Amino acid sequence: MTHTSMESPPLLDESALRTSLYDEDFKKFNWNLLLLQIVLFLIGIWNLISATAVEDKSQGLYKSQLLWFSVGACVTALFLLVHYSFFSRIAYGIYFLNLMLLAAVLVVGRESLGAKRWIGFGGLRMQPSEFMKLSLVLCLAKYFESDRTVGGMGFRELLPASLLVGIPAGLIMLQPDLGTAMILLLVFGSMMLFLKVKPQVLLILGICGMLALPAAYKFALKPYQRQRIVTFLDPMSDPKGAGYNSIQSMIAVGSGKLLGKGYKKGTQSQLNFLPEHHTDFIFSVFSEEHGFVGCGLLLSIYLIFLVSGLAVAYQSHDKFALLLAFGVCSIFFWHVFINMGMVMGILPIVGVPLPFLSYGGSSLLTSMLGVAILTNIANKKFMF
Amino acid sequence: MAFLGQEEQIREFQERFKYLYAILFIGLGILLSRMVYLQVLKGDEMRQYSEENRIKKVKIASPRGMIFDRNRTLLIDNRPAFDLEIIPQYFKLSSAEEKVETFHHLSRILKMPESDLQAILDKAKGQPSFLPVKIKTDLARDEVAEIESWKISMPGIQVEQEIKRTNIFGDVASHLLGYIGEVNPSELQQLNKAGSRYKLGDSVGKYGLEQRMEEVLRGQDGEKLVEVDAFGRIKLERGKSRVLQNAAEKQAVPGKNLILSIDQDLQLAATQAFGDKVGGLVAIDPRSGEILAMISRPSFDPTAFSRGIPSQIWSQLLNNEHRPLRDKTIQDHYSPGSVFKIVTAIAGLEEGVIDTKSRIGCSGKIAVGNRLYHCHKKGGHGDVNVVSAITESCDIFFYRVAQKLGVDKIAKWATYLGLGRRTGINLAREVPGLIPTEAWKQKRFGQEWNGGETLSVAIGQSYVLTTAIQLANLYASIANGGTVYRPYLVREIESYDGQVLKGFKPETVEQHRLKPDTLESIKLGLWGVVNSPRGTAILSRLPGMDFVGKTGTVQVIRLSADKIYGKCESMKWRERHNAMFTGYAPANDPKIAIAVIGEHACHGSSGAAPIARAVIRTYLQKYYPELYSEKAIAARLKAGGVPVAIPAQPVNDDLTPDDGNDTTLPPVPSTQNRED
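Top line first, the protein sequences correspond to chains A and B.
For the record, in the first sequence the residue sitting at position 338 is 338 according to my numbering, with numbers rising by one throughout.
For the record, in the second sequence the residue sitting at position 100 is 100 according to my numbering, with numbers rising by one throughout.
Since the hints were derived computationally from the structure, they do not count as laboratory data.
On a predicted model such as this, the values are computed, not experimentally measured, just so you know.
Ideal placement from N, C-alpha and C gives every residue a C-beta, glycine not left out.
It is possible that part of the hints are untrue.
[What the hints assert, rightly or not] DSBU-like cross-link-like pairs, simulated, lysine-lysine; straight-line CA separation at most 35 Å:
(1) A:218 - B:377
(2) A:116 - B:377
(3) B:277 - B:250
(4) B:357 - B:377
(5) A:265 - B:441
(6) A:265 - B:125
(7) B:111 - B:151
[As the list claims (entries may be wrong)] Covered by chain A, per the in silico footprint, the following chain B stretches (three or more residues, Cβ under 8 Å):
(8) 11-22
(9) 28-38
[Claimed, not checked] If you want a taste of the chain B side facing chain A, the calculated C-beta under 8 Å gives, among others:
(10) 6
(11) 43
(12) 46
(13) 47
(14) 49
(15) 50
(16) 79
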């Protein structure tokens, strides 16, 4: 079972540095994801300036977003200096540390808008649930690295793994943060499916899921969350109340038409018709001002980004790296899909940020760490 | 490397990537098709929605017309009121320390416990958090100043300015001026059926002149298009709107002002004279029918109503046994009692059943059928003629006259003189009063009229019901020699910038040519009431002012014989007699006629006459100082006026006992008829 991969290469010694940066042909360094990240981030900042132009509490928030980006850039640089096998070594440690933080949030966390999601370190606020997404992928990649199950997983293999996602997801639901918990479950599900699950197990799970759905609706969801589902199914049931966000954001997207209303001229967002328009609903600001052409372009960038990410996974030379890269890609995919789907009214409203565009330090940092991991993997494939 | 062992598995994984790419393309494809749907297919529709979203018609409120008295003393004004509001959405965004600070400041400034503030916020939890929640209405000036100075450190707190309809003199004449309130759905339907455009939330006159002159007082709201945000807040970027450079604006037109015939000094004098007595007063200019003073006590302060009545205050007003919400000058019926006797006298003289020299002996009682009718003076008045009968309020004299006339003749003259029908004053809810006839009784009770009832009618009792304004108008028509005017309150309507738009002229309802003898006798009798030693109101005499009138004291419930002559003041308030006084001044050139009703004030002479006296003195001294200032009167009296000796102990009470000997009477309508 045990592999001896831990012997190479020594962490941060000179030879490692040489291997990673100097020995490689510099031109062969895979810049794709870093460049795409910068493009997305610049679009994000540009858009955020518009979204926060109105005089209210969010004004000037893009500055702190820039600050977070520079923090992220430093961490990215550090990440590129180590071999990803180092992540494999500390995977469980990271995971448990993150679990501790999640538990701490519930005890000493700061409350905002009715949820306890943040934990303070001096002047900085941090959202451990954001980092949990990466920690989970790291942990699962490590856990399944040595897995040799043939013919797909059965319940015996799935059950312990589902504890790994169940505990953090449960802690996050307690905050409550339905969106992030859901992302964890989706990422977990994606990885399990990728690793292959026995068809009969899938069938049974599917049936159980169907049966459990009404009960979950009734008992696991808070009233406001239930309300969101109701209004998703019929937004007009309460246009001024719970369905308001959904309707206004659809209007924002649609009113952009082909070419958009122009930068900083989106009335829906500039006039505050859109709540949370600098965080979860940031895409509606963008689509209102830049229209279908802008949206199509943005979607294409995300597509290229995800294809590049998957290519990194495809080309990895070991299972841990492959699973890690795939997991990170699935995080990005689900964020983009759920966020845009929600803003355009095809999914219920859940608090899921749009990578690189939504305001939020922890979210941005998590996305950048994800890109750093992918880039790291991408540039270690020739080392053997 | 050790990884090599995984090669096979990795190859297997790589096989699966085609599915991943497929899922990726399908997922983003769904998003793309949704974009096509919303932005391309539905784009125009959505664009239109967003346009409607941000451009909103905003009402420019028009100020309601002001109300002035005859000398342009401002009675009702529109004054700014300041409300403290909190917008939960912004309040929630502030940090915990800020919240504590905010509550701390507010609690200190408003002198309100923090728990109350929290309770108000909690109560508003159900509504969208961008809607402001009112914390306190009508802030005091210093509260506003202090809140403004702390505002920066209190996020989500704002002071809103609103217009408050203000009755400057508080509860003086509130019944007459009335009040406004938010239009309710049923009123809305009615108003808009009549062609006005009201919306929910608009104010509308609900009572008094505010109601009757609604069309005049109400301005025309203007409207403008503004760019608003989702909270309905008007959004102007650096002073000007980006999309509405030349948006059309409709100016608001202020309501028209009213100039009343009322004199506020008289109102104040009357209010003061009433003190805490209960009742009503109407003073009319007998030369025109203009109302000079009109109050009903106790009263209420309409200012409290203009922005919604706190239910606590409302229920207090409703449950008050003195019924402050009713206008006792037009809405309540009273038995006039002895003040009605002049009607019997006029009917007798004009119909010729008596003349000015006819004398009738009063022995204190008279038998009709098998029953005895008493005079209020136990021993009787001896020989009386029409003048002394009025002066001394001799019941027997009027019984005899009534016997000769019959009830229908009395009713004929009462109706001529404006009783038993609405005066037509421009106020809602005026009741008509009641003057009984034989036919009326037949119709109402299906019973024959009985002769004894005629006697009761002669002295203003039994079925006779009047209102204060009818009595004032009755005495005004005696004062002016027989003309019944329609009383009116509004002299002029003027535009907000002071141009007279409409003036009101006197309107004659009835014009009678009474025989000069008739008028002279009545006037002489009335003069005696206040000015002769035998008169019932001699204590209220105004030397040199020739104030004349008639008292009335009306039993309100059946009492046993010993109680009737017992001391009124020692009875329960509800059982005490009503006090009436009606009159005018000066005797030979009347300029003001007046009626006062003091509910349960015991005696016309002490409970009502002094109030009339105070108002008349104020009026004459204010408008005719050359004749009636203290100095002018003193000079005149010195030059030869004969002061009348005032008896030390006038005990003239004209209460006619309703002493239980009329058990055959059918039930009498309550003296305070409550039907509207």
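Within 35 Å, alpha carbon to alpha carbon, are residue 265 of chain A and residue 125 of chain B? The given pair, whose Cα atoms are some 33 Å apart, holds under the 35 Å limit.
How about residue 49 of chain B: closest beta carbon in chain A under 8 Å, or not? Since the shortest Cβ distance to chain A is 5 Å, the answer is holds.
Mind checking the alpha carbons of residue 357 of chain B and residue 377 of chain B for me, to see if they're no more than 35 Å apart? 22 Å, holds
Going by Cβ atoms only, is residue 79 of chain B closer than 8 Å to chain A? For residue 79 of chain B, the interface hint is violated, since the closest Cβ of chain A sits about 32 Å away, which is over 8 Å.
Could you grab the alpha-carbon distance between residue 277 of chain B and residue 250 of chain B and see if it respects the 35 Å cut-off? 50 Å, violated
Could you grab the alpha-carbon distance between residue 265 of chain A and residue 441 of chain B and see if it respects the 35 Å cut-off? 82 Å, violated
Interface hint for residue 47 of chain B, Cβ within 8 Å of any Cβ on chain A: 4 Å, holds
Chain A contact restraint for residue 50 of chain B - C-beta distance below 8 Å: With a minimum Cβ separation of about 4 Å from chain A (threshold 8 Å), the hint on residue 50 of chain B holds.
Hinted contact residue 6 of chain B with chain A - closest CB pair below 8 Å: 5 Å, holds
Hinted pair, alpha-carbon criterion (35 Å max): residue 111 of chain B, residue 151 of chain B. Please report holds or violated. With Cα atoms ~17 Å apart, residue 111 of chain B and residue 151 of chain B stay inside 35 Å; holds.
Can the segment 28-38 of chain B be counted as covered by chain A under the rule of three residues or more with Cβ-Cβ separation shorter than 8 Å? The restraint on the segment 28-38 of chain B holds, since 8 of its residues have a Cβ under 8 Å from chain A and three suffice.
Measure nothing beyond the straight line between the CA atoms of residue 218 of chain A and residue 377 of chain B; if it is 35 Å or shorter, mark the hint as holding. Violated - the C-alpha atoms of residue 377 of chain B and residue 218 of chain A are around 88 Å apart, more than 35 Å.
The earlier numbered hints that this structure contradicts are 1, 2, 3, 5 and 16.
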